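Below are the chains, spelled out letter by letter.
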Amino acid sequence: MHDHEQRLHAISAHRWRIAFVLSAIMLAAYYGFILLVAADVGVIQEMVRAGKSIPAAGLGDQITLGMRLSDGLSVGVLLGALVIVFAWVLTIIYTRWANGVYDREIEELSHLAR
Amino acid sequence: MPQTSTTSILFFFVFVSATLVITYWAAKRTKTTEHFYAAGRSITGFQNGLALAGDYMSAASFLGIAGLVALNGFDGLIYSTGWLVGWPIILFLIAEPLRNLGKYTFTDVVAYRLQQKPVRVAAAIGTMAVVLTYLIAQMVGSGTLIKLLFGIPYVWAEIIVGGVMIMYVLFGGMIATTWVQIIKACLLLGGAVAMALIVLSKFGFNPINLFAQAAKEGCDPTAAAGSQMFCYGGKVLEPGTKVVTGAWDAVSLGLALMFGTAGLPHILMRFYTVPNAKAARVSVMWATIWIGGFYLITFILGFGSMVLVGQKNILAAGGGGNMAAPLLANVIAGEVFFGFICAVAFATILAVVAGLTLAGAGALSHDLWVNVVRGGHAPQHEQMIAARAASLILGVCAVLLGIVFQGQNVAYMVGLTFSIAASANFPALVLSVFWRKFTTWGAVCSILFGAIGTLVLIYCGPTIQFDLLGPKAAAAGSPKEVVDAANAAIAAYKADIMAKWWYFPLKNPCIYTMTGSFLIGIVVSLLAPERAAQEGFNEVERRAVLGEPKGAAAE
Chain A
1 MHDHEQRLHA ISAHRWRIAF VLSAIMLAAY YGFILLVAAD VGVIQEMVRA GKSIPAAGLG
61 DQITLGMRLS DGLSVGVLLG ALVIVFAWVL TIIYTRWANG VYDREIEELS HLAR
Chain B
115 MPQTSTTSIL FFFVFVSATL VITYWAAKRT KTTEHFYAAG RSITGFQNGL ALAGDYMSAA
175 SFLGIAGLVA LNGFDGLIYS TGWLVGWPII LFLIAEPLRN LGKYTFTDVV AYRLQQKPVR
235 VAAAIGTMAV VLTYLIAQMV GSGTLIKLLF GIPYVWAEII VGGVMIMYVL FGGMIATTWV
295 QIIKACLLLG GAVAMALIVL SKFGFNPINL FAQAAKEGCD PTAAAGSQMF CYGGKVLEPG
355 TKVVTGAWDA VSLGLALMFG TAGLPHILMR FYTVPNAKAA RVSVMWATIW IGGFYLITFI
415 LGFGSMVLVG QKNILAAGGG GNMAAPLLAN VIAGEVFFGF ICAVAFATIL AVVAGLTLAG
475 AGALSHDLWV NVVRGGHAPQ HEQMIAARAA SLILGVCAVL LGIVFQGQNV AYMVGLTFSI
535 AASANFPALV LSVFWRKFTT WGAVCSILFG AIGTLVLIYC GPTIQFDLLG PKAAAAGSPK
595 EVVDAANAAI AAYKADIMAK WWYFPLKNPC IYTMTGSFLI GIVVSLLAPE RAAQEGFNEV
655 ERRAVLGEPK GAAAE
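From first to last, the protein sequence lines stand for chains A and B.
Following my numbering, the numbering of the first sequence begins with 1 at its first residue and continues without gaps.
Following my numbering, the numbering of the second sequence begins with 115 at its first residue and continues without gaps.
In case anyone wonders, no lab produced these hints; they're calculated from the structure.
Note that the coordinates shown come from a computational prediction; the quantities given were computed from them, not determined experimentally.
Cβ coordinates follow ideal geometry from the N, Cα and C atoms, glycine included.
Mixed in with the good hints there might be a few duds.
Think about it this way: if two alpha-carbon atoms lie no more than 25 Å apart in a straight line, the pair counts; the simulated DSS-like pairs of lysine-lysine are [to be verified]:
1. Lys52(A) / Lys608(B)
2. Lys551(B) / Lys231(B)
3. Lys594(B) / Lys426(B)
4. Lys52(A) / Lys330(B)
5. Lys614(B) / Lys594(B)
6. Lys52(A) / Lys594(B)
7. Lys586(B) / Lys551(B)
8. Lys217(B) / Lys142(B)
9. Lys586(B) / Lys426(B)
Under 8 Å between C-beta atoms, here's a sample of chain A residues computed to sit facing chain B [what the hints assert, rightly or not]:
10. Ser12
11. His14
12. Met26
13. Glu46
14. Met47
15. Gly66
16. Thr91
17. Tyr94
18. Thr95
19. Val101
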């Protein structure tokens, strides 16, 4: 019984490690994006404070997210869309792993316990 | 703007009749509280994924984000991404322990090894704060919108929404609510995809062409001098200062959107409708796919209406940009489609308020009445009466609040809701599942600080003090002296408020309140350790992994 308890702990600790790592990756991706937005907003505010007007064509390369990859595609729009796609990929990977590998281990363990 | 035709009323009528038939069917199956709150745990992962998406994609995200993008371009993406990235976090950290430890509400999890009464009272306060602010935002939004879309007087719109919603919840409980969410999600996704395809067909099925077109449009020469409103140009593809006023505001808003999702009681409640943790994971996976796809589509709709409808026409239609999506429908596919999209927007509101009311009813009857007043021992039929009474009370409250707040600018309330959810509910939920030393009073203090702190800081912040209480700008087209005088008055007022000691500079306080809530929970728990709570943690750990012991579910 003691052994069973320990294995349960080990499996659950393993799952939590994976869950935390994935959460950290998601946070880093999203916060990377938000911090770029924040930095750009800082630049814009600085310009407004200095009395400069912002051209109608946008700031383009002067701010990180304004850089144009083509006429209609700025780095900002691309990264925003990529954050969403990234969230998809992470949830699908985790769900497949947890519903396959992890659940099978737990299942085996509860059979042993009985 | 096209006059609302009989088509939209017809579409809406079909939706309401179909959902009421489902409610009748569901009512016959709703015999116990397990049916009423958790749909008998019979919903599959895929179905629940759609229902979660239905619960989450409110009119604020459909009409609101489309409007935000149409008027500001890129800034709408801050909301879209923020509202989505909360979902993976729910999946990784919350879904599984929530499903395995709880019964009907997320409070079940927080209170699992702590003293029931204080924790349940505090968590019910946190839940009600979120539910009521969100209900006000939805009800006021819906009244205004329905008035615009269907030309029905505001008060009548409130009563219709409230009345139909009460029918769903009161008779059909979670079973009816779930199916309403699923139908609404399908209609919304289908409508949005159809619109996006028609828009893209005009741009060679390449969204980049659409963005390029939006960036090419120069300033509108007829726009009022000094107004940047119609001067979109290349700026639409870059961050601006409309949504966030500064760097810290961006970070704080990001926190609220991300972690607020993981603290919304009506979302958390949905995890009890599936049979096990496996299905709970599948449901979040599908919800993430649907919601993410929907936001990507909304982005296209926003830019589509910017180019095809024009910012001026969107603003002229009223509703602060909310009409962008319906107007786009009218421009690209005519009046019948416009009617269809209007009806979908109406259905969206109905479904979201039904989910909210059910979550609020859970807090009032399951947490407060059954577990606090009756000490956890109430016969089944009494629990059902309490649940239905609570739904009815909340439904009536929603209508009354909607009427009381008529004409108020409630856009900030959605942000407020997410901020409270992230500060009051999320820290307590996480600490109770992950931290052995968490105590009853740690939980109570953390929840109360999160709820009250957020409300106070929002009140002391720019949204309430400037936008709501401050002097208004002069009406467009006023003579120059009037405009100057109004601007001077605003500047003087702002300087005066900003000098006050209590002034809080951020629009969104989440960065302080959420961190504070975690800290207070930890400090209070460390100052007064609770033996019983620590001993109970082994059981929490075990059950979070294995779920309910077999046979105990029959209770």
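Against the structure shown, which of the earlier numbered hints fail to hold, in ascending order? Those not satisfied are hints 5, 7, 11, 13, 14 and 19.
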